[in-house]
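Going down the list, the sequences are from chains P and W.
Counting from 1, position 35 in the first sequence corresponds to residue 35 in the numbering used here; the numbering is continuous, with no gaps.
Counting from 1, position 221 in the second sequence corresponds to residue 221 in the numbering used here; the numbering is continuous, with no gaps.
Keep in mind the hints are simulated off the structure, nothing from the lab.
From the three backbone atoms N, C-alpha and C, an ideal C-beta is built for every residue, glycine too.
Relax, there's no trap hidden among the hints.
Sample of chain P residues at the chain W side, in silico, Cβ under 10 Å:
| # | residue |
| --- | --- |
| 1 | 58 |
| 2 | 61 |
| 3 | 62 |
| 4 | 63 |
| 5 | 64 |
| 6 | 65 |
| 7 | 66 |
| 8 | 67 |
| 9 | 68 |
| 10 | 87 |
| 11 | 89 |
| 12 | 91 |
| 13 | 92 |
| 14 | 93 |
| 15 | 94 |
Simulated restraints on C-beta separations:
| # | chain 1 | residue 1 | chain 2 | residue 2 | range |
| --- | --- | --- | --- | --- | --- |
| 16 | W | 210 | P | 41 | 52 to 58 Å |
| 17 | P | 61 | W | 192 | 18 to 24 Å |
| 18 | W | 151 | P | 41 | 53 to 59 Å |
| 19 | P | 140 | W | 36 | 30 to 36 Å |
| 20 | W | 278 | P | 69 | 36 to 42 Å |
| 21 | W | 192 | P | 54 | 21 to 27 Å |
| 22 | P | 102 | W | 35 | 36 to 42 Å |
| 23 | P | 38 | W | 127 | 46 to 52 Å |
| 24 | P | 102 | W | 118 | 36 to 42 Å |
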Amino acid sequence: MRLNLGAKFTLTVLIILAGTMAANTLYFLDTSARFHEQQLVERGRALGRLISLVSPDAILGFDFLLLNDYTREVSSQQDVVYGVIVSPQGVPISSYINHSDPLIKKRLESVNSNDIPKLLLRLDSQDDLIQLEFPITQNDALLGRFLVGISRQSLQSEFRRQLMIQILVMIAIVLFLGTAIHAAFRFNVLFPIQKLIAASRDVGRGQYTLVEVKSADEMGLLTRAFNAMTEEVRQEQAKLHRQANFDTLTGLPNRMMALDRINLEISRARRFDQRFAVLFIDLDNFKNVNDSLGHAVGDELLVATGNRVQASLRDTDTVARLGGDEFLVLAPDVTNEMQVEEIAERLLRAISEPQELSERKVVAHCSIGIALYPDNGENVETLMANADNAMYQAKATGHGSAIFFTEEMNTRLRERMQMEQDLNLAVELGQLALHFQPIFDTAGQRHRGAEVLLRWHHPERGAVSPAVFIPLAEATGQIVGIGEWVLEQACRSWSAWHNGGINPGFLAINISRIQFRKRFSKRLSELMSIYGIPPQALELEITESVLLDDHHQVAEELNSLRAIGLTLSLDDFGTGYSSLSYLKRFRFDVLKIDRSFIAGLPDNPDDVSLVKAILAMAKGLDLRVVAEGVETQDQLNFVTIQGCELAQGYLLARPMNEEAYRSYLQDLQAAGELPRLSAVRT
Amino acid sequence: MVSLLWLIAAATWAPVIQAAEDPLIMGVFPRRNAAETARLFTPMAVYLGERIGREVKLVTSKNFDSFWKAVTEQQFDIVHYNQYHYIRSAKTYKVIAHTQEFGKNAVAGVLFVRKDSGITEVSQLRGRTVIFGGGKDAMLSYIAPRFLLMQAGLKEGDFKTEIAVNPQNALVALYYRQADAAGGGEVVLDQPVIKNAVNVQELRLLAATEPLLFLPWAVKRSMPAKLAESIQSLLLDLKNSDAGRQILKSAIMTGLGNAVDRDYDPHRKLATAVFGPEGTAR
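In isolation and in its complexed conformation, chain P is listed as follows (with noise of 0.2 Å):
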């Protein structure tokens, strides 16, 4: 059994008072027994001396009536139980028995009612009686003796009452208190705890509610501790409620606000029959920002997007933060598309204003994809992954853009991701292979290397385009492992061909960004080790992409692959930023111009001055370029007039699998067209 404070409290009350009260009580009967039992003696002994008074001179005159009479009216008081006068001898002369008396009714069925001396005997071991003897003199001779049997059971049966009586007095005084105490205790004590319980209930249940404070005594101490820690409670938890609903760099919902929102808005929207929009938006190229203007100039960008987006919603509208770059909106109530659009696009003009950020003017972009409910999807999880889709696809497409989702979109999602799953075991199951296409020089169109190219042959879709699986090698990370794969066996294919005494020239090899990022230089000098290929068998063609990255890191990176003595080659330079300053910044060896710039030669006047201005660059930069894509004669002659050592493409030879390559080094060797092994590269 469970007991509560209140009972505790009084139960030990009740037993320290019942005890103390017992222990009061026991003592005061005591008293009173003792006291009445003095009086027994007393009186036993008032009696004996008025015997002893009277009774000679009847004793004397043997007026044994008379002495009968004496003992008669002596002893027929209550409590005596006989009054005997014995001659000196011991023989009863005169006896007074009370026969009612229960010690005497008990003897008197065993002994004679005559038989004093027997009776007295059988009394004389009796505790519950007090004997006392006087003797009767006259003129110092002994006449006789009184006896006198006082019962205590009177004494008793008034120990017993006084007994029953202090113990129900006692119960009344115990019940009394205790029903005070208990009360008292309820109200000081009790209630005011219990007060406290249901505040720290509330507390449990986030309801902040304090308690009045009646008392200025420890209950009232206890009760104004209890609402300081309520309150702490509550700031506390307010701002624990913001930091897990709020993001705390733009003071805008988060993710979890932002599902709890949509989830409240299905809800509603459900109810009333009505239309939402959920708006991923997602700023483009974020990370250039960061990285090149610093995080600090990152995070003022977020939140001078959120504010622009915020001033460019109606006051029903949300908009979350979800992480990084990544915003929601959260439109309510749209009516149509056309609604919603208008919304994109305001957003999309708000966010692309230029701005200022710690004195330097930025221009961001951003791509928002759109779902609705319940269009687009019915639940939180659905709405959120078909806008995030919508908005890969709108980043897809280009910057600056909002698209609506659509069930295609799924469609290529899951196409994307089985692709994704199936380039996980193309590895293992031997479904890439590596192609290489000779690059030549335009001099004397002699074979100089190859670049080397990856195929994936994937069992159903056949022949898969690398700029279809290399973005999603990249997007997955991938790519490392492939890219890995790719330098191991473009190893072991040089060195394979040059122990069976082929001088292959070098393999031209594309790097990943994300490759680069891993640092793969090590890797790659264990590789070089292992196969035993020398540093000018090599060339690392990288985009410019990967020069965006952290230069200091990028800069390392570069120089350990120089110092092993690679070589370096800036892949499909035109296309992107052609930053003469990377040029500047990074070492490189090669230019490689790109195919789209080849295509228009010698007509496209562009292309002409573009390519023209290429190599005049590289030849002050003293560096080589290889013309990519010169599929025709005129491309050829054109680049090789401008000074292009280096060119490759249809006209000169197709991509081979590693099978032909072999035979087609070979058939060079035999022709005596290529160089010696001691010379791979000149």
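Given chain P's structure and the hints, the job is docking chain W onto it.
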């Protein structure tokens, strides 16, 4: 005004009161204490006074000596005493009636012993203690038992004599083994006071005299004969009416019988045997 009326009334009746006769004095011997005696015999005194048309005043005595002194001085007109008192005062008082107790006119003097004493003959009392009640004037409690002792050959000195205040106490003393024998009238054993005090079954009668007439009622021989006869008649007539029987019951008597002087000759014989010829002439 009221006081004046009282004075006139007192002056008118004073000669009448002075002319009334003196009250008759009725003495009763101190067989019991004075208060008890007054309680028992006052109804009879009132009865006699009303019937004879003359106040009868009951006088009690605190002890036998003062009572006997009043007898010898003839202070009593009517007297009730024991048989020995009468035979000693017969010259000045004339017996007119005797009491009847327990429906008897006479009672024997006896010696009692305890049943467990082993005493079956009076002669066994030699050297033992005999207790008598009421003093040596007591006819039934002393003189008669002494006579029995003498008949058994035991003279005074052959046994130890103890005197209890009355016959009842002598019997109680015997019961409580304060004596080996007790003298008294045979009716003592039947008295309620004894039955209440002791277990009479433990006592038995050892020897008895011939029945002796009960206590006498006497008047002064100098009393007019007509008055004496009137008083005798009234006393003897008591048992014939409810009121009279109530008076007798009050005095612990069952009746009053006629008595003449010669009825007490047996008593004179016993007293003479015990005390000698002087004993009766005192």
